[in-house]
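Protein chains in written order, with UniProt numbering: chain Y, 1 to 289; chain W, 1 to 289; chain E, 1 to 289; chain P, 1 to 289.
Please note: incorrect hints may appear among the correct ones.
[What the hints assert, rightly or not] Here are a few chain P residues that face chain Y, going by a calculated C-beta distance under 10 Å:
(1) 23
(2) 24
(3) 38
(4) 40
(5) 41
(6) 123
[As the list claims (entries may be wrong)] Partner residues are not named here, just some residues of chain Y that face chain P (Cβ under 10 Å, in silico):
(7) 28
(8) 29
(9) 38
(10) 39
(11) 43
(12) 156
[Unchecked claim] Calculated lysine-lysine pairs in the DSS-like style (CA-CA distance at most 27 Å, straight line):
(13) 257/Y / 257/P
(14) 208/Y / 257/Y
(15) 257/Y / 257/E
To be clear, the hints were calculated from the coordinates, so they are not data collected in a lab.
Everything numeric in this text was worked out from a predicted model, so none of it was measured.
Where a beta carbon is used, it is the ideal one built from N, C-alpha and C, also for glycine.
Number of protein chains: 4
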Amino acid sequence: MGGPNAQTATLLMHCPDRPGVVAAVTRFLAGHGANIIDLDQHVDRAEGVFFMRVKWELDGFGLDTAGFGAAFESAIADDFQATWQLHHDARPLRMALFVSKMSHCLYDLLSRWQSGEWRVEIPLIISNHETLRPVAEQFGLPFHCFAITPETKAEQEAREIALLEENGIDLVILARYMQIVSPQLINAFPQRIINIHHSFLPAFAGAKPYHAAHARGVKIIGATSHYVTEDLDAGPIIEQDVTRITHRDSVGELVRKGQDLEKLVLARGVWAHLQRQTLVYRNRTIVFS
Amino acid sequence: MGGPNAQTATLLMHCPDRPGVVAAVTRFLAGHGANIIDLDQHVDRAEGVFFMRVKWELDGFGLDTAGFGAAFESAIADDFQATWQLHHDARPLRMALFVSKMSHCLYDLLSRWQSGEWRVEIPLIISNHETLRPVAEQFGLPFHCFAITPETKAEQEAREIALLEENGIDLVILARYMQIVSPQLINAFPQRIINIHHSFLPAFAGAKPYHAAHARGVKIIGATSHYVTEDLDAGPIIEQDVTRITHRDSVGELVRKGQDLEKLVLARGVWAHLQRQTLVYRNRTIVFS
Amino acid sequence: MGGPNAQTATLLMHCPDRPGVVAAVTRFLAGHGANIIDLDQHVDRAEGVFFMRVKWELDGFGLDTAGFGAAFESAIADDFQATWQLHHDARPLRMALFVSKMSHCLYDLLSRWQSGEWRVEIPLIISNHETLRPVAEQFGLPFHCFAITPETKAEQEAREIALLEENGIDLVILARYMQIVSPQLINAFPQRIINIHHSFLPAFAGAKPYHAAHARGVKIIGATSHYVTEDLDAGPIIEQDVTRITHRDSVGELVRKGQDLEKLVLARGVWAHLQRQTLVYRNRTIVFS
Amino acid sequence: MGGPNAQTATLLMHCPDRPGVVAAVTRFLAGHGANIIDLDQHVDRAEGVFFMRVKWELDGFGLDTAGFGAAFESAIADDFQATWQLHHDARPLRMALFVSKMSHCLYDLLSRWQSGEWRVEIPLIISNHETLRPVAEQFGLPFHCFAITPETKAEQEAREIALLEENGIDLVILARYMQIVSPQLINAFPQRIINIHHSFLPAFAGAKPYHAAHARGVKIIGATSHYVTEDLDAGPIIEQDVTRITHRDSVGELVRKGQDLEKLVLARGVWAHLQRQTLVYRNRTIVFS
């Protein structure tokens with residue numbers, strides 16, 4: 001995102017590994033006038049799968065979105081059995097933020113948006129509590145509160161989905177949203193919901209990871225940003241990082257130190273998605289650099 | 001360990017937290033002529049326990065080991081209900097190394113010993129395979145091979161314990177020893193067996209952690225050195241560290257990158273023990289710095 | 001800072017190293033009813049200097065500030081030639097933020113304040129540009145702009161100092177303030193001005209460190225928070241951290257990745273000061289943990 | 001290196017950036033029957049230079065070394081003004097180790113060689129002191145001692161160069177060799193001498209970096225592996241890493257902690273070279289991953 005990328009397109013694709021894919025794709029793009037500015041590929045030799053990300057300047061490129069689809073299918077995708085996505089980078093993605101009571105990730109994301117560090121739109125903030133409404137208002141953003149009980153969950157989530165769709169949301173960020181999201185919402189945004197979990201998954205999945213980390217006596221704590229799937233805290237990991245702790249750190253200190261990690265790891269995960277660097281395959285991510 | 005510490009003593013103690021412990025202990029030591037060169041204390045407020053490590057120069061100190069015990073018991077330990085250990089740092093610890101087929105940790109430990117980086121004695125190496133006998137011979141060390149099958153395990157371990165005791169072993173290092181150690185051995189060396197596990201515990205306990213890490217798609221891998229208890233890979237953690245990986249790393253690459261971590265994390269854990277910096281309390285370690 | 005610390009006092013002291021200091025101080029405090037909750041000491045053996053930080057609960061403590069000074073001087077400080085500071089932790093520190101055009105550190109500090117993560121007061125923000133006035137207003141804080149030219153610098157800084165003094169400022173944070181601060185301001189707030197420099201000092205001191213890092217081809221970049229002294233970028237370092245980069249990272253990417261480091265390293269440095277964990281001695285800091 | 005790579009070739013190239021390079025090279029390789037197993041490219045947009053590393057299986061590839069050169073020149077290199085190197089990975093590289101008195105890097109490199117972790121040959125060890133001869137002998141390697149004084153330096157280095165050439169040395173490793181290497185040796189092995197410097201360059205270049213780091217009061221120390229050029233400690237950086245220190249660490253502790261970093265950073269730098277992942281351009285390295 002950001003100015004320099006505004007007139008570029010990014011192709012993400014994968015297919016069974018076979019000699020000649022890179023040559024075929026680069027010849028196809030060059031033939032249509034693309035000036036490639038980034039190409040990264042990866043072969044998973046154990047799985048026999050080829051992955052590629054290519055980014056090129058649209059200036060001088062001879063195909064529009066519809067034209068690209070038709071031409072790429074017949075020239076490449078059919079032959080190589082490729083699965084692909086094309087992104088025109090000019091349009092900023094539209095993100096919805098889901099929060100509960102803790103504000104550190106919310107402030108961090110809002111400041112990246114408001115300062116222009118990220119070229120992104122945030123049409124709305126959704127919460128299950130009123131607590132952070134003042135923060136949304138301070139940044140001039142609509143705040144929608146949907147209180148959730150076991151009885152109302154299905155209905156409230158249906159209203160949330162409707163709201164997300166009305167607002168043309170591309171990406172949902174669970175910024176320390178303390179509710180398990182149900183399959184209906186997940187399936188409405190497949191591989192487009194990013195969560196931050198406050199541990200180095202798979203250690204300490206579930207509730208109260210800092211308490212569990214303290215009880216186990218670990219010497220490092222971590223945070224993990226991942227795409228949300230129906231298996232709790234088990235979706236494809238985008239980014240992780242850790243920080244060192246000692247016996248001196250109480251649970252309260254773990255929470256304090258961990259919050260700085262959470263902000264950073266969530267922001268890096270979202271950034272990778274915004275940059276179209278991520279590709280999910282069998283519950284793992286390729287994160288092109 | 002090492003030259004400058006040769007004429008020092010280290011006291012490790014813990015007791016129920018109560019005002020006046022530091023004052024009482026430092027007054028006691030000063031009264032017997034100790035010049036304190038390091039004092040570190042920690043209060044676990046959740047548990048209400050006080051921990052302390054004090055190190056002093058023996059030159060001018062008026063108590064020998066037996067004298068210290070009697071005097072410290074009556075002046076301090078009885079009153080404060082303290083549990084304590086005294087170590088005279090002049091005597092190098094005697095370590096036994098347990099290995100199987102992988103040599104990276106063995107080479108690393110032997111080079112620290114042979115170069116004099118660590119002031120320690122290694123009277124013997126024990127293995128369940130013949131593979132690393134040439135490395136032991138190259139470094140001039142006795143190598144004892146005890147092949148282990150389910151049927152022979154109890155008997156072979158009994159012979160190992162006898163050998164360890166004959167050699168006056170203080171500390172057992174499982175340097176990628178690929179056998180589960182039984183309670184009889186653990187109980188013969190309580191809090192004196194250090195293992196290196198090739199994951200950031202508690203994630204990926206048990207066998208084949210690099211395969212599990214690859215399958216889960218984590219973005220960091222780790223290693224953990226810990227005291228061995230009867231619960232597999234669940235003993236008190238001494239040290240952990242991690243390294244970043246990407247989707248490009250095959251299981252083989254994780255193994256390769258992980259081995260450098262294992263060497264480092266095991267060495268740091270052993271060093272902390274040699275320096276008498278570690279104190280175990282309820283399955284967690286205090287590691288004084 | 002924060003709730004649990006509100007009724008505590010912290011003593012920072014250093015003196016020539018001599019047996020018996022810890023015993024004397026802890027006996028003194030215990031004698032006046034202090035319940036010590038944290039004690040950390042350090043002996044710099046090369047310099048022969050003893051450093052200590054002690055924190056205790058005021059509940060039941062028998063001395064007020066004036067009483068402490070007199071009693072501590074006669075019982076301890078005179079005898080041991082100690083230099084000391086006493087802090088009553090109940091009073092939140094008052095910080096002034098100096099900024100220019102970049103907002104990332106400002107947002108980060110303001111969100112820590114507004115969310116209550118830090119118990120601190122921010123009476124005003126000072127800048128040499130109008131750029132960030134909207135951010136100050138959004139957070140409801142006074143914003144004072146002092147445009148600075150070589151001709152006006154002395155006069156403008158004098159007005160800034162007056163404003164800081166009127167507002168009872170304890171601590172000045174240069175949150176990417178792109179002006180060299182003159183000795184008159186430094187001397188008005190000795191060891192009470194914290195700067196963030198966007199490199200791992202002493203590498204790349206001065207202007208444009210990211211450009212210099214890119215030109216040198218380093219594989220890690222860093223950030224440093226330090227107390228400001230008259231030597232540019234050469235004051236006592238409080239905290240540093242680094243992040244890995246590759247040949248793929250343009251100067252623009254270094255700036256983007258570095259800004260996250262700057263926020264974190266500045267926040268950690270300020271936090272250590274707020275917690276009274278820092279002690280400066282001969283251009284180096286002791287940062288008690 | 002290692003088994004799986006034995007029947008592969010690696011091409012490293014760079015040229016002025018121009019559309020169509022990737023397509024041309026991959027078409028050329030595919031046309032000669034190459035099965036590409038790794039392709040990584042990078043465009044330095046500021047310099048306008050294109051860099052690429054391609055690795056393919058030799059099984060089924062129709063060109064031998066001489067044939068490749070002629071064909072690649074006429075089909076690609078002439079047209080794109082490319083600078084290139086081709087490496088057949090079957091042949092293990094031959095490394096000479098230069099050491100002085102410190103053994104930690106030497107042990108580490110020798111254990112990687114002897115254990116088979118690295119598929120490499122070490123025909124000899126060269127030193128300016130006799131100190132480490134026993135280590136060489138223990139590993140069964142020739143050890144040549146060339147005492148160096150200002151008067152004998154030119155002559156002794158000439159003998160060293162002759163010895164290196166007689167032994168068909170591909171790569172020289174300065175494993176804490178405490179002598180400045182003169183231009184005649186550097187020019188005999190351009191971009192084929194790797195040094196480990198015990199600081200995070202460019203900070204603390206030159207002698208006694210741990211003393212300088214301690215005096216400056218930094219909170220992290222580092223190590224840097226780099227290609228040696230005529231400018232002392234200023235050659236292209238291959239790898240760097242850091243470790244956190246505190247005020248408690250004496251110069252001796254920095255040395256101890258730093259040695260572990262040095263081993264790791266040197267090994268990673270050498271590994272990258274062995275894997276043909278490094279390409280030097282204008283005093284910076286591209287390290288393909």
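Structure-based check of all given hints:
no.	hint	verdict
1	23	holds (4 Å)
2	24	holds (9 Å)
3	38	holds (7 Å)
4	40	holds (7 Å)
5	41	holds (6 Å)
6	123	violated (33 Å)
7	28	holds (9 Å)
8	29	holds (8 Å)
9	38	holds (7 Å)
10	39	holds (6 Å)
11	43	holds (6 Å)
12	156	violated (45 Å)
13	257/Y / 257/P	holds (25 Å)
14	208/Y / 257/Y	holds (15 Å)
15	257/Y / 257/E	holds (20 Å)
In the structure shown, a violation is registered for the earlier hints numbered 6 and 12, in ascending order.
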